[in-house]
Amino acid sequence: GDSVTQMEGPVTLSEEAFLTINCTYTATGYPSLFWYVQYPGEGLQLLLKATKADDKGSNKGFEATYRKETTSFHLEKGSVQVSDSAVYFCALSNNAGNMLTFGGGTRLMVKP
Amino acid sequence: DAGVIQSPRHEVTEMGQEVTLRCKPISGHDYLFWYRQTMMRGLELLIYFNNNVPIDDSGMPEDRFSAKMPNASFSTLKIQPSEPRDSAVYFCASSPGTGILNTIYFGEGSWLTVV
Chain U
1 GDSVTQMEGP
11 VTLSEEAFLT
21 INCTYTATGY
31 PSLFWYVQYP
41 GEGLQLLLKA
51 TKADDKGSNK
61 GFEATYRKET
71 TSFHLEKGSV
81 QVSDSAVYFC
91 ALSNNAGNML
101 TFGGGTRLMV
111 KP
Chain C
1 DAGVIQSPRH
11 EVTEMGQEVT
21 LRCKPISGHD
31 YLFWYRQTMM
41 RGLELLIYFN
51 NNVPIDDSGM
61 PEDRFSAKMP
71 NASFSTLKIQ
81 PSEPRDSAVY
91 FCASSPGTGI
101 LNTIYFGEGS
111 WLTVV
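Line order of the protein sequences matches chains U and C.
The opening position of the first sequence corresponds to residue 1 in the numbering used here, with each subsequent residue numbered one higher.
The opening position of the second sequence corresponds to residue 1 in the numbering used here, with each subsequent residue numbered one higher.
Pulled out of the complex, with its shape left as it was, chain U reads as follows (with noise of 0.2 Å):
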């Protein structure tokens, strides 16, 4: 079946520091990606999404590349700030089904 992988935190990064937190992803056919962000005491927000291969999902700094060939859909943000601290969750979605498959969520801290 789907499943997502992410790389366990926590991510711990200074102020301003660049950031990268890995995903990658087994499917059948061509799935959606999807990343979430939930803030502490919050439910998850849509940061940001690709629907096909090499789509470039974008916002609020934060971006990541749909690699078909890797089956990864990394999330970076070049200048990471305090109030980036939060959990982040990569996500598929399989067209046909669109149920979202989850992976474990990456919590970030971000310190001045």
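No lab work stands behind these hints, which were simulated from the structure alone.
Hints are not guaranteed to be accurate.
[Said to hold, decoys possible] With beta-carbon atoms standing in for the labels, derived distance ranges: (1) U:E15 / C:A2: 27 to 37 Å; (2) C:P84 / U:D54: 44 to 54 Å; (3) C:F74 / U:G1: 23 to 33 Å; (4) C:P81 / U:G9: 27 to 37 Å; (5) C:D56 / U:Y30: 18 to 28 Å; (6) C:P8 / U:G104: 21 to 31 Å; (7) C:P84 / U:S3: 25 to 35 Å; (8) U:S83 / C:G3: 13 to 23 Å; (9) C:V53 / U:S3: 22 to 32 Å; (10) U:K60 / C:G42: 21 to 31 Å; (11) U:R67 / C:I5: 31 to 41 Å.
[Unchecked claim] Here are some chain U residues pointing at chain C (derived, C-beta under 10 Å): (12) S32; (13) G41; (14) G43; (15) L44; (16) Q45; (17) T51; (18) S93; (19) L100; (20) G103; (21) G104.
Glycine is no exception: its CB is placed at the ideal position from the N, C-alpha and C atoms.
Using the hints provided, position chain C relative to the given structure of chain U.
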């Protein structure tokens, strides 16, 4: 436009009691999902509906859990009787459709504690 609305936001109940969680999806969305989040198991899909019809309930833990969607703007997740291991955050989510419309939008969650 209002997002997915869940109630209650927080619930503390005693073991054996019935718990009902409620959800109002985004207007016009055809799909509704119930997820559960725990530290041990992460995010799990419990059940989802398409046009008010349950499509896949294979994630529902056991017979103590039931979900209904009587109309396009309301769904409930019921636990009867509740047990301490049901303590979790329960998220409702909705999406407009499949394919390029398959973005799923989450509510803020119902934080359940069973003591």
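Structure-based check of all given hints:
1. U:E15 / C:A2: 27 to 37 Å: Check passed, 34 Å falls within 27 to 37 Å.
2. C:P84 / U:D54: 44 to 54 Å: The hinted range 44 to 54 Å holds for P84 (chain C) and D54 (chain U), with Cβ atoms some 48 Å apart.
3. C:F74 / U:G1: 23 to 33 Å: With Cβ atoms ~31 Å apart, the hint holds.
4. C:P81 / U:G9: 27 to 37 Å: holds, 35 Å
5. C:D56 / U:Y30: 18 to 28 Å: This hint holds: roughly 21 Å between Cβ atoms.
6. C:P8 / U:G104: 21 to 31 Å: About 27 Å separates the Cβ atoms of P8 (chain C) and G104 (chain U), which means 21 to 31 Å holds.
7. C:P84 / U:S3: 25 to 35 Å: This hint holds: roughly 29 Å between Cβ atoms.
8. U:S83 / C:G3: 13 to 23 Å: For S83 (chain U) and G3 (chain C) the Cβ distance comes to about 21 Å; the hint holds.
9. C:V53 / U:S3: 22 to 32 Å: Holds - the Cβ-Cβ distance for V53 (chain C) and S3 (chain U), about 27 Å, lies within 22 to 32 Å.
10. U:K60 / C:G42: 21 to 31 Å: holds, 24 Å
11. U:R67 / C:I5: 31 to 41 Å: holds, 37 Å
12. S32: Since the shortest Cβ distance to chain C is 6 Å, the answer is holds.
13. G41: holds, 9 Å
14. G43: Since chain C brings a Cβ to about 4 Å from G43 (chain U), closer than 10 Å, the hint holds.
15. L44: Because about 4 Å separates L44 (chain U) from the closest Cβ in chain C, which is inside the 10 Å limit, the hint holds.
16. Q45: holds, 7 Å
17. T51: holds, 6 Å
18. S93: Result: holds, 5 Å to nearest chain C Cβ.
19. L100: Interface hint status for L100 (chain U): holds (6 Å vs cutoff 10 Å).
20. G103: Holds. Min distance 8 Å.
21. G104: holds, 5 Å
Violated hints for the displayed structure: none, as all numbered hints are satisfied.
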